[in-house]
Each structure stands twice: as C-alpha cells, then as structure tokens.
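Chains as they are written, first to last, in the numbering used here: chain A, 1 to 197; chain B, 198 to 984.
Take the hints with a grain of salt, since some may be wrong.
As the list claims (entries may be wrong) - Going by beta-carbon spacing under 7 Å, a handful of chain A positions derived as facing chain B:
hint : residue
1    : Glu59
2    : Arg60
3    : Leu62
4    : Ser64
5    : Leu81
6    : Lys84
7    : Thr87
8    : Leu108
By construction, these hints were calculated from the structure, which means they are not laboratory data.
Since this is a predicted model, take the numbers as computed values, not measurements.
In this text, a Cβ means the ideal position worked out from N, Cα and C, and glycines have one as well.
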Amino acid sequence: MLACLGALALAAAAAPAADTPPPAPAGSTSAFDQVLQLLAARRHGRVSYSEVQQMAMLERPLSSSGELVYQAPDHLEKRVLAPKPETLILDHGVLTAQRGQRTRVLSLRDYPQVVPFVESIRATLAGDRAALEHYFRAQFEGDVDRWTLRLVPTDASVAHTVQEIRIAGERAAVLMVEIRLVDGDRSLVTLGPEIPP
Amino acid sequence: MSVPRHAATLLWALLVLAASLVVARATYRTDLSAFLPRTPSPAQRLLVEQLRAGPFVHLIMVAIEGADERTRAAASQQLAARLRAAPAFSSVSNADAAQLERDRTFLFSHRYLLSADVTPQRFTAGGLHQAIGDSLDALASPEGLLVKALFPRDPTGELLGILDSLGQSQAPHTSAGVWISPDGRRALLLVQTRAAGSDTDAQQAACEAIRRAFAQVAAALPDARGARLGLLMSGPPVMAVTSRAIIKSEVVRLSLVSAALVALLLFAVYRSLPALALTLVPVASGALAGVAAVALGFGAVHGITLGFGVTLIGEAVDYSIYLFLQRGAQFRTGVWPTIRLGMLTSICGFAALLPSAFPGLAQLGLYSIAGLIAAALVTRFVLPGWTERVRSVRDLSRAGEASARALAWLRPARPALALVALLAAGTLYAHRGALFSHELASLNPVPLADQRLDDELRAASGAPDVRYVVVTQAAGREAALAQAQRLEAPLEALVAAGVIGSFESPTRYLPTEALQRQRRGSLPAAPELRARLAQALADLPVRPAVLEPFIADVEAARRGPLLSAADLAGTSFAAAEDALLVKDRGGWSALLPVAVVGADLSAASLERLRAAVSADAQAPAALLDLKGEADRLYAGYLSAALALALSGFAAIVLLLLVALRSVARLARVVLPLALAVLTVAALFAAAHRELTILHVVGMLLIVAVGSNYALFFDRAGEHPPASSPARTLASLLVANAATVVTFGVLASSRVPLLADLGSTVAPGTLLALLFAGLLARQAAPRAAAGA
Chain A
1 MLACLGALAL AAAAAPAADT PPPAPAGSTS AFDQVLQLLA ARRHGRVSYS EVQQMAMLER
61 PLSSSGELVY QAPDHLEKRV LAPKPETLIL DHGVLTAQRG QRTRVLSLRD YPQVVPFVES
121 IRATLAGDRA ALEHYFRAQF EGDVDRWTLR LVPTDASVAH TVQEIRIAGE RAAVLMVEIR
181 LVDGDRSLVT LGPEIPP
Chain B
198 MSVPRHAATL LWALLVLAAS LVVARATYRT DLSAFLPRTP SPAQRLLVEQ LRAGPFVHLI
258 MVAIEGADER TRAAASQQLA ARLRAAPAFS SVSNADAAQL ERDRTFLFSH RYLLSADVTP
318 QRFTAGGLHQ AIGDSLDALA SPEGLLVKAL FPRDPTGELL GILDSLGQSQ APHTSAGVWI
378 SPDGRRALLL VQTRAAGSDT DAQQAACEAI RRAFAQVAAA LPDARGARLG LLMSGPPVMA
438 VTSRAIIKSE VVRLSLVSAA LVALLLFAVY RSLPALALTL VPVASGALAG VAAVALGFGA
498 VHGITLGFGV TLIGEAVDYS IYLFLQRGAQ FRTGVWPTIR LGMLTSICGF AALLPSAFPG
558 LAQLGLYSIA GLIAAALVTR FVLPGWTERV RSVRDLSRAG EASARALAWL RPARPALALV
618 ALLAAGTLYA HRGALFSHEL ASLNPVPLAD QRLDDELRAA SGAPDVRYVV VTQAAGREAA
678 LAQAQRLEAP LEALVAAGVI GSFESPTRYL PTEALQRQRR GSLPAAPELR ARLAQALADL
738 PVRPAVLEPF IADVEAARRG PLLSAADLAG TSFAAAEDAL LVKDRGGWSA LLPVAVVGAD
798 LSAASLERLR AAVSADAQAP AALLDLKGEA DRLYAGYLSA ALALALSGFA AIVLLLLVAL
858 RSVARLARVV LPLALAVLTV AALFAAAHRE LTILHVVGML LIVAVGSNYA LFFDRAGEHP
918 PASSPARTLA SLLVANAATV VTFGVLASSR VPLLADLGST VAPGTLLALL FAGLLARQAA
978 PRAAAGA
C-alpha cells in the first residue's frame, strides 16, 4: 500500500500552470514564498506525463505514461495509459486504486507513514509551506522563473526508504518530480503541457 | 372434623417440605434456551447450534473513549497485551504491528500452498514469462514499491494474489498504531472469547476480565490520565450477560414490589395481620408447587418462568380473598364450588400452553396449573382450619353495596357495550395487517441504548452482524473442507456479479490436504526451474541472478511439509479458522459467512444465493438465514400460541357449558370475557403496538382470571339468597385490584416479555370485571339493595 501511495505522490506532481499566473508579488517575500503563492493561486490542472523508473535489479528502466489531474486543494488523479491502464485517485485523504477488475479503497489515516509522500506533492501544488515543512526539510533553489525544491523527509520511517524528493518547475508550472530512494533506485516523472479541457 | 383438618395440615407441611427440596436442588437457566424449540427442524437445529456455539457469538467489541488519542492508543495496546495473556480469549485484535507482521509472514512463507494461482501451467516457461511480466507491469504501477521489495523472492506475485483473494479488508481505521472509530474518538479492539456461547457464566467472567484489565491499565497510566478513559463493550457475550442480569434483577424486583403492594392492599382491606399472613399461604404454596412441578417436568427452570410466576400471585391470592371476604356465605357449599369452577377454567386455559414448542410458554403452563391447584387446595382444605384464629376481618358489605349501586347506575349504559364491541372490532379490522409483530427481536430484553451501541461498534469495527451463512457438513474434517472448497467457485461468481458483497471460507487459510499436495506437486525442482526461468526471462528486463531467492523458496516449499491448523497459531487467522471449521456431534461443519451488499439481500439475490449453494450435489450445503430463521421460529411460536389460546378458550367454553348446563348462563359468563379481550387487542392496535406472543398469552390469562369474576356474578344471579351479593362484589373488587396491581407492576418491566404480559392482563381483567358486572343478571344488584 505504501508503494501505491508513493506512486500517487508522483502522480500528484502533475499539476502545471493552466492560466496565466498572477504577477509575483513585490517586496520582501522570498522567491520560495512567491512560487508557493503562484502555485496556491492555481485551482485546476491536467497534463500528460511520462515516468521512468530505474531499478538495480532490472536490466533496463521501466517506462509508463498517462495523465495527471489536480483539483485544489486535495484531489489528485494519476491515470496510467501505457503500458497497462490503471487509475489512482486521491480525494479528501481517501485513495482509490483501480487496476484491471480490481478496485482498492484505503484511507490515508490508516497509513500515517505514507502521508509525507502524498503531502510532498499535494502541499507543493497547494502552496502549503507549513505542511511541507512539517514532513520535510525543504530547500528552495533558483528563482521564481526556474526553481527546484529539494525535500528530505524528517520522519525516520520515511527516511528509511526515501532519500529525497526533487520537484522542479517554472513559476506555477511543475515540470519534473524525481524520487530518489535510499537503495539507489529512482523514479523520474516528466510533466507535459496542459491538456485543454 | 378436626382430625382431617390436622391431617390436611400435616400433608400440606410434608408437601411443602418435599417441594422445597425439589426447588432447592433444581437447575435454573437464564440463557436463551427458553426461546429455542424443544424439537427443532434441521434448519432450526443449525440456528440453535450457531446461537450456542457459532463463530459470531464469541465476539466482544471493545471501545475506549475519553482523554486524548495518545492515551487511548496506549491503553488499547496495554489492554490488548493483558487480554492476550489471559486464557479466556482466543484472539485479541487492535491493529497491533507485531500481529500484522505475523499474519503477513504466515501468508508469505506458505504462499505456494495457499495461492490459487499455483498450478503446473504457472511454472512452465510460458507461465513464468506471463506471471513475471505481470509483476513487471505492477512494478511500473503505483504498486511498484511494494512489489519491488518482494520481487526477488516472489516474482510471480503469489502474495498479492492471496491478499486479493482474501478480499477487501474491512478492518477499522488505524491511528497511532491502533484501530479507531471513524470519528477518531474511540480506540477499538476485537476480542474473541473461548467459552461456548451458551455458557453465560463463562461469558460473564470474560466480560469481567476485560473490565478488570481495563481498570488496571487505566490505573497504571501516568498523571492519572486513565481516570478520564471510559470503556464500552458490546457483542453477543455482552448482550447475553446483560439480558441475564436484567431478567434476574427484574424477576426479583417485580416479585418483591408486587408482593409488597398486594400485601399493602390486603392489609388496608382486612385490617388484620393474621388474615394477611394467611392470604399469602396459598400463594406461596402455589409458587412453590409451580417451581417444583417445572423442575420435575422440564429438568430445569428458566429464569423467565419465575418472572411469569409473578402472575400466579394475581390469581391465587383471589382464592383466599374470596375465603375471607365472603365469610358470611357458606364457604364450602357456596363459595368453593365457584372457586373450583374458576380454577378449572384457568387450568383449561393454561393446559393449552403445555404442548407449545416454545419452552418458555410450556413451562409457564405447567407452573400455573400446578400453582393454581396447590393454591386452591390449600385454600379449601388447609386455610379454613386456621381461620378461626383470625378474629375479625373488616366487613366490606357497605363498600360492596356502594359498588353495587354504582353498577346499577351504570347498567342502563349496557347497550353501549355493543358499541364498544363494534368499535373494537372495527379498529382491529382497520389494523388487520399490522396486528402482530413477527420479529423475534421484539422479545429482546436488552435495552434499546445497548442495541444502538452494538450497531455503532459493529459499523466502526467492520464486524457486520452476520445474517447469512452457508453451512456444509461432513463426517470428517478434510471432507468438510473439500465441500467448502467446492462451494467457493459459485460464490465467487456471485461476488463478481455483485449479488453478494463477499464471503469467507475456512479454506482461505487452510486448503484441503489434497489441494495443498496438488499445488506442491506443481513446483518444479531447482535445476528444472532454473532452466525454465532462463527461457522465460529471455525477453524480459530481469537478470536471472536476481531471482535466485525465488528458486530457493520454491525448492523449500517443494520439500516442505503441508500446512496444518497448528501453523495458524499466533496469527489472527487462527480464531477465524476455529470459528469457520467446527466439530460437532454429527462430524464437521464448514461455515462460509456471506456479507451482503448494502443493507440486505433482495429477494432475487437471495434466490440466486440459495440456488448457487444447493447446485452441487457433491457439496451438500444449506443457506442459513440467521435472522430469517429466528423470525420464522418466532412466527411459528406466535401462530402456535394463537391456535393454543383459541383451543384453550374453546376448552373453557366447553367446560362452562357442561358445568352451567345453560347456554344463556354460558353467554353471560363468556361474553364479558370475549369483549374484554377484544377491547384490549383494539387498544393495542389503536396505539400501534404490535402484539407479541406474550400479548396472546395475556389474553388467555384475561379469560382465565376474568372467568372467576363472571362465575361469581353468575352465582349471585342464580342463588341470590345463598350468597351475599354485596360481599361478593366487594371481594371481586379487591381480587381484581390485587390482579391489576400485580400485572401493572409487570407492565413496568424492562423485559419486553413481562411488560407485554402485564400491559395486557392489567387492563383486561379490569374490563372483564366491569363487563361481567354490567352483563350479569339483574337479580344480583336488586338482592344487594335489599340486603
């Protein structure tokens, strides 16, 4: 189940800019806060994505692709279209996974160790700095136009498997989410342009 | 005259002694056996077995509330640890991590015996290619991380397959490492007791053990945080203990209260303590005789019978009231024959209950017959010898005359009785569809608040009240498992079609040895597997070396032993297995509980389920509808009680016809009784109170008790000079007041059985007296006025 959620967290990364972002507020606000404000201003997004997973035990990386949907503040969807269709929906803390004939429903409350995974993406998309800093040491690099957010889990049970999560974007658009695991395996999700409704 | 009297007293004393011995040595039961049929049908036998020992009767749901989440979680962990160490419990679950790990380890290490996917085809090069390919898809999917950790040992995904086949987990939510209610305000534990469901003493001990353990845990928490914690419990054992406690306390309370009230009433009337004491002699003798008769006739006395026994006070006390208050008349020649006839009519009524399949009713019948005979005989043969010591009982002639005048004043309203009859009949007709309650639950003595708590905890802990169980029986354990296994395919088809939600089976954790052997035989030897893997992995991105742990595990499973019940020890599956595969008298029963979709099965779904269950001749099985069967059982009792009550009524009419030898007199005696019954039934219907079996019994009692009144009015009408009508009327009023008090107290009971009886008889006998007075021959009041 943890894996399920981890992957969803990846999925959630998928919410790039939809509308023209509002101008960055001037003044003393840091670039991090400006980016978060831009992200928070976005309510909805739908993009294509492709994912590459590298695992030590496999001779070649695994690739998959599909669509990602975000609806502020806590609805995320990952629709895998290739190689096999699969849907993962997070809504109000309840995760629904559909693969083939089987549907699994589980509440995030039952898997507290997984919450940081999901929060890394959800909080980023929602511009929720307090939530981000609750689960991670967050390090912001770059500026509003081109930024990278490095998240290192503080919870020991998460840090046991996850080394760091890197999220890169331009203004209110998330372009890339990378999860590096402690064992050296990694997963890279690249987000495509907004799919018009 | 004095010698036979002494002889009568001596005989009485001996009989009291003998009865006391029987009563003292009798077995008293307060479990649900009073409601179980004496000669059950096969389906009823299954029901009774399930109610006594089924897997669902051991579950106690425990909730801890109050204080804060961390305190509740700590209390839950410590309580679980204490209960796991106690021998009374077979399993204690609260989402404990170690428990989950043991479960997972069991499934994983026996995966090649448990997985339905393990077939020879699965381990061919093609099958391996397919299975490993699927696992790679899963690796790329959201399940990736989970699959990844297991992949080198389980590349064919057997564990996931097993988890899938175990179905959607209905486990409660978890927080801070323990189960919690959906609103997060309670920590939850599910506890299975070891004792049989019918062993209420052991269940009570188990409930107390939980309370004690909780108190110790709460006391040990730092900073007195435990003081703010509360404990809630529900489930069949708790219900059984509660209902027993309620019945016990109610029987004691009601007996004491009604005895005290009747004594008070009689003292107010007699103004003589000796008379009061003597009045109670026939009652006490009757009660003693009744209990002794039941103990001898049934082997054990049910607690509820003692509760019904209160009713005896209502009629037996009348006899001595007539003796004391009609002293002016010749007791032996004037009063006694009427009492005797009244007693015989009552016995006719109660005798109708004797053949009831409902043991509670049959016991009530025997108890009352023995009690009434004893009370009447004591009144006739023992009491008169003692009454000489009673100097004076207040003369109630003047009160009687006043009542007679009131009755005479009301008499012109007699035609209104026709209107009452019409109204009552009309009301009954209007409510004809909803007169009777057909649910056994209508007799449940557990208070509504406790029933609601049960619903709440069941919803929170994902332990739905099981209604449907597929039962298949065989001579041996293996055969029962094999039959359960055969039933799974049709049931799975129903799950897939959405007809039923899910089902459980004992073979999930313990497949038949034949199937295990077959699965083990599907596993190739290590060199062969290595060769096939090399082929299978040719176009897959997996390095063969990565799967060496897989080859080792398969080889271990191939050489390893089969799974037995002992391997389940320590897992949470052990309790489930014990519950679903049970040894009974006839051999072994495998139970497959079926969970419904939504609130209940539709009629069409139920039909499909029945068809699926009975389709396989090699796996003979029955679908047991626990609630439906219980309700059918009760409906059977109810219709039987109706038939018995009617035949009792017919017997009474016949007896009176023989005794009175006049249709006109018979009509005057029977009409008021019938009218009283009709009116009471109509009142219940108008108040939208559905009639239960005890209302029906109550109506029989109205006739039994009311016939005494009607007979005295009849006697007063027939032999005006021989009787003193005013005194007769006064004695009837006092007798009726005693009955109304007794049954009124019963009506206040928290036990529905007793309350139903009381609320029927109290108003019914009052009406019977009134109607009998109004319909009596005019001679009585005129004679009274002239006296």
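Each hint tested on the structure:
no.	hint	verdict
1	Glu59	holds, 4 Å
2	Arg60	holds, 4 Å
3	Leu62	holds, 4 Å
4	Ser64	holds, 5 Å
5	Leu81	violated, 12 Å
6	Lys84	holds, 5 Å
7	Thr87	violated, 9 Å
8	Leu108	violated, 10 Å
Of the numbered hints listed earlier, those contradicted by the structure are 5, 7 and 8.
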